[in-house]
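Participant: Got chain A; can you put chains B, C, D, E and F on it based on the hints?
Each chain, written out:
Protein chains: 6
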Amino acid sequence: MVDVSGKDVTARRAVAAARYVTRPDVIALLRDDALPKADVLTTARLAGIGAAKRTSELIPLCHPLPLDAVSIDLDLTDDAVLITATASTSGRTGVEMEALTAATVAGLTLHDMIKAVDPEGTLTDVRLLEKSGGKRGDWRRQG
Amino acid sequence: MVDVSGKDVTARRAVAAARYVTRPDVIALLRDDALPKADVLTTARLAGIGAAKRTSELIPLCHPLPLDAVSIDLDLTDDAVLITATASTSGRTGVEMEALTAATVAGLTLHDMIKAVDPEGTLTDVRLLEKSGGKRGDWRRQG
Amino acid sequence: MVDVSGKDVTARRAVAAARYVTRPDVIALLRDDALPKADVLTTARLAGIGAAKRTSELIPLCHPLPLDAVSIDLDLTDDAVLITATASTSGRTGVEMEALTAATVAGLTLHDMIKAVDPEGTLTDVRLLEKSGGKRGDWRRQG
Amino acid sequence: MVDVSGKDVTARRAVAAARYVTRPDVIALLRDDALPKADVLTTARLAGIGAAKRTSELIPLCHPLPLDAVSIDLDLTDDAVLITATASTSGRTGVEMEALTAATVAGLTLHDMIKAVDPEGTLTDVRLLEKSGGKRGDWRRQG
Amino acid sequence: MVDVSGKDVTARRAVAAARYVTRPDVIALLRDDALPKADVLTTARLAGIGAAKRTSELIPLCHPLPLDAVSIDLDLTDDAVLITATASTSGRTGVEMEALTAATVAGLTLHDMIKAVDPEGTLTDVRLLEKSGGKRGDWRRQG
Amino acid sequence: MVDVSGKDVTARRAVAAARYVTRPDVIALLRDDALPKADVLTTARLAGIGAAKRTSELIPLCHPLPLDAVSIDLDLTDDAVLITATASTSGRTGVEMEALTAATVAGLTLHDMIKAVDPEGTLTDVRLLEKSGGKRGDWRRQG
Chain A
86 MVDVSGKDVT
96 ARRAVAAARY
106 VTRPDVIALL
116 RDDALPKADV
126 LTTARLAGIG
136 AAKRTSELIP
146 LCHPLPLDAV
156 SIDLDLTDDA
166 VLITATASTS
176 GRTGVEMEAL
186 TAATVAGLTL
196 HDMIKAVDPE
206 GTLTDVRLLE
216 KSGGKRGDWR
226 RQG
Chain B
86 MVDVSGKDVT
96 ARRAVAAARY
106 VTRPDVIALL
116 RDDALPKADV
126 LTTARLAGIG
136 AAKRTSELIP
146 LCHPLPLDAV
156 SIDLDLTDDA
166 VLITATASTS
176 GRTGVEMEAL
186 TAATVAGLTL
196 HDMIKAVDPE
206 GTLTDVRLLE
216 KSGGKRGDWR
226 RQG
Chain C
86 MVDVSGKDVT
96 ARRAVAAARY
106 VTRPDVIALL
116 RDDALPKADV
126 LTTARLAGIG
136 AAKRTSELIP
146 LCHPLPLDAV
156 SIDLDLTDDA
166 VLITATASTS
176 GRTGVEMEAL
186 TAATVAGLTL
196 HDMIKAVDPE
206 GTLTDVRLLE
216 KSGGKRGDWR
226 RQG
Chain D
86 MVDVSGKDVT
96 ARRAVAAARY
106 VTRPDVIALL
116 RDDALPKADV
126 LTTARLAGIG
136 AAKRTSELIP
146 LCHPLPLDAV
156 SIDLDLTDDA
166 VLITATASTS
176 GRTGVEMEAL
186 TAATVAGLTL
196 HDMIKAVDPE
206 GTLTDVRLLE
216 KSGGKRGDWR
226 RQG
Chain E
86 MVDVSGKDVT
96 ARRAVAAARY
106 VTRPDVIALL
116 RDDALPKADV
126 LTTARLAGIG
136 AAKRTSELIP
146 LCHPLPLDAV
156 SIDLDLTDDA
166 VLITATASTS
176 GRTGVEMEAL
186 TAATVAGLTL
196 HDMIKAVDPE
206 GTLTDVRLLE
216 KSGGKRGDWR
226 RQG
Chain F
86 MVDVSGKDVT
96 ARRAVAAARY
106 VTRPDVIALL
116 RDDALPKADV
126 LTTARLAGIG
136 AAKRTSELIP
146 LCHPLPLDAV
156 SIDLDLTDDA
166 VLITATASTS
176 GRTGVEMEAL
186 TAATVAGLTL
196 HDMIKAVDPE
206 GTLTDVRLLE
216 KSGGKRGDWR
226 RQG
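Residue numbers (our numbering), protein chains in the order written: chain A, 86 to 228; chain B, 86 to 228; chain C, 86 to 228; chain D, 86 to 228; chain E, 86 to 228; chain F, 86 to 228.
One should not assume that every hint holds.
[Unchecked claim] Subject to a maximum C-alpha distance of 27 Å in a straight line, what follows is the list of computed DSS-like cross-link-like pairs (lysine-lysine):
1. A:Lys220 - B:Lys122
2. D:Lys122 - E:Lys122
3. C:Lys220 - D:Lys122
4. E:Lys220 - C:Lys92
5. E:Lys92 - B:Lys220
6. B:Lys92 - C:Lys220
7. B:Lys200 - A:Lys220
8. D:Lys122 - A:Lys92
9. E:Lys220 - F:Lys200
10. E:Lys122 - F:Lys200
11. F:Lys200 - E:Lys200
12. F:Lys200 - E:Lys92
13. D:Lys92 - F:Lys92
14. A:Lys122 - B:Lys92
I should point out that these hints are in silico values taken from the structure, not numbers from a laboratory. None of these values were measured; they are calculated from a predicted model.
For reference, chain A alone in the conformation it holds in the complex:
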């Protein structure tokens, strides 16, 4: 674990995204909350938030951090759910992994709810979009 004791406590924020790809008829069922398991989107959101809080238990060299906020947005396209996760802390190290973990576990939970009708659903393009705070300053993904 990198020693962060010499770093300043600053407000830090990270945004991650992912995409869960399935069939258009599954997205239609999701819009109508007509899948065998109900409340799919709320369940995925809560799972993502819960996972963000446990990031340091999942990722071996992550520091435990007191999170100030985690939010997850889920937007439906014709054949996919777009996942955006934002995490914030006031701490000595960044929250990229918290945002990525939130997006990922939200996506895995979508699959758990959907897999009875589409076992081929795929979670893809899990990536950091931007981060701010800390000594290196702001960073934003290119392209």
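Facilitator: Below, chains B, C, D, E and F without anything else, positioned relative to chain A:
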């Protein structure tokens, strides 16, 4: 949580895969274990195995299962790490989510170890490859 | 921890109940999902299911059990939410504590979602209703 | 999860209470530590403290908080155990849920230790008594 | 993680021991429960049992197991606490690590309770005494 | 749990050590990474770091702390592995238990990896070496 009390205890197995995409120079560092954080592949493997054991804590409607085995293979290509995760149980429900969780957290851990040199690294194509056991019999991904 | 190695593996089931008491205007907001925090009932249900899976971590002498099913029903009255939790296992010991933990954490989560508008909300009458399976046979609460 | 990054770090404290109701002969056994499971009160106290530390894992939208103190008092009446739990933090959000979770899990643990002799034992009146710290200032339960 | 799916489910049991060495005056305080922190022995016992249940989360390649029983005995000598931990399961793999983890965390908890009066207290001789069950049959430590 | 709300937030650091004793031929296998389980030293190190992060879940009266750093050094002698664990925080209470827990779980993990070839391996001399920070100032073990 789906009631599985009427299902038989059978040997069940699932294989999931994912791909972590980065730059060729990062893969070269990885081959030489020359990244700022050492033992990247072992760390990712152990993180994936640990996450498989905690799947039912992460995915809200997953059943807690006694796992018989979890293994994770990591293969390097020119610009990516191919992740394959296999999970086995003797239980009343399948281990797809355990295999997918293992593959995903292994991938997130790769990113945690690599992000200082490539913050744009992306985890992609997280998907189930095959599963066996249980009433519905074997399933294998098409294409 | 009581030694259960001499007990038979049988299908076991327990039902617990609790009541979260608040003001009628809060129940009206809850019916319309118009509280400051959305999806209150789904969140409470998922929290209860999650807690059932962690019962053996919370209650010092509980055995870890593979749960076959957990479900939580929430019914609204004029000034309360009635919580019913059912847990099932195929194991060597009963699931009363799992059902009680599920009902309780569902109730605490209701309070967390409601406390901004009613800090006086009270969780009450947390109790076992019935259990079945195991050597002692069925039990049902009197009165 | 509510964004608390704009809130000040202040000393915050909350007191919660609950009552575990059983039969007078069970209370007599409890006074003499003569129940089948020993050290009932200490076990309940430790379980409550342990649960307070895990509140953010149990309650989906709770923030992880560094706790400065948790204490649990158990007082015996003729037919009940009165549970009082106090939690303190130096943080950006309150510790009501930590105090309530501590009181509740202490009560559930009492039931786990007592249920062999009184399966009808009931945990009741789980409620916040007072809280202090933060922008809204002090609050005390009426009546 | 070793694949245990081909192994039989049998009754398995392991006994581990450790010794926590401190000063005679500390042992005297412990006998009278007169240390700054009360209920030292009960707290250590419960911590050991709790840790046994979490062995597979702590030891990376351990399998999650449903434990049938865990017990911890603490005996005082003139300058030490002798710790004996026994774990049992009906499973496909042994419970040595569960017994060792229980003994160890009981010992660490003794130190946590005692360290204000003896920061030099030492946990020593953590070792397996015997195990039974499984294909290899019984094993007992020599000497 | 001791109330630490009146204590200052200061940089605190603790160093603990332990020794895992086995046979010389096992140490030779370890040097060559030729044991049945691979990557023994890395696995033990990661297990120790993971355990340090969970100290407050394992030790009943430990405060949850945001860790700034944890590191584990493993040195081989002819018949033992010397374990040194260092933990740092910026907090209101010390990190002795985090350092001791890290050293201990690293040692237990060594045993888990080695026990197939040496079930008699012993973890011994788990002790605090030094600590700094906080009101009482620095402390260093005598002899």
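Participant: Each of the hints needs a verdict: does it hold here or not?
Facilitator: Status of the hints after comparison with the structure:
no., hint, result
1, A:Lys220 - B:Lys122, "holds, 20 Å"
2, D:Lys122 - E:Lys122, "holds, 22 Å"
3, C:Lys220 - D:Lys122, "holds, 20 Å"
4, E:Lys220 - C:Lys92, "holds, 23 Å"
5, E:Lys92 - B:Lys220, "holds, 23 Å"
6, B:Lys92 - C:Lys220, "holds, 23 Å"
7, B:Lys200 - A:Lys220, "holds, 16 Å"
8, D:Lys122 - A:Lys92, "violated, 49 Å"
9, E:Lys220 - F:Lys200, "holds, 16 Å"
10, E:Lys122 - F:Lys200, "violated, 36 Å"
11, F:Lys200 - E:Lys200, "violated, 31 Å"
12, F:Lys200 - E:Lys92, "holds, 18 Å"
13, D:Lys92 - F:Lys92, "holds, 22 Å"
14, A:Lys122 - B:Lys92, "holds, 19 Å"
Comparing the model with each earlier hint shows violations of hints 8, 10 and 11; every other hint is respected.
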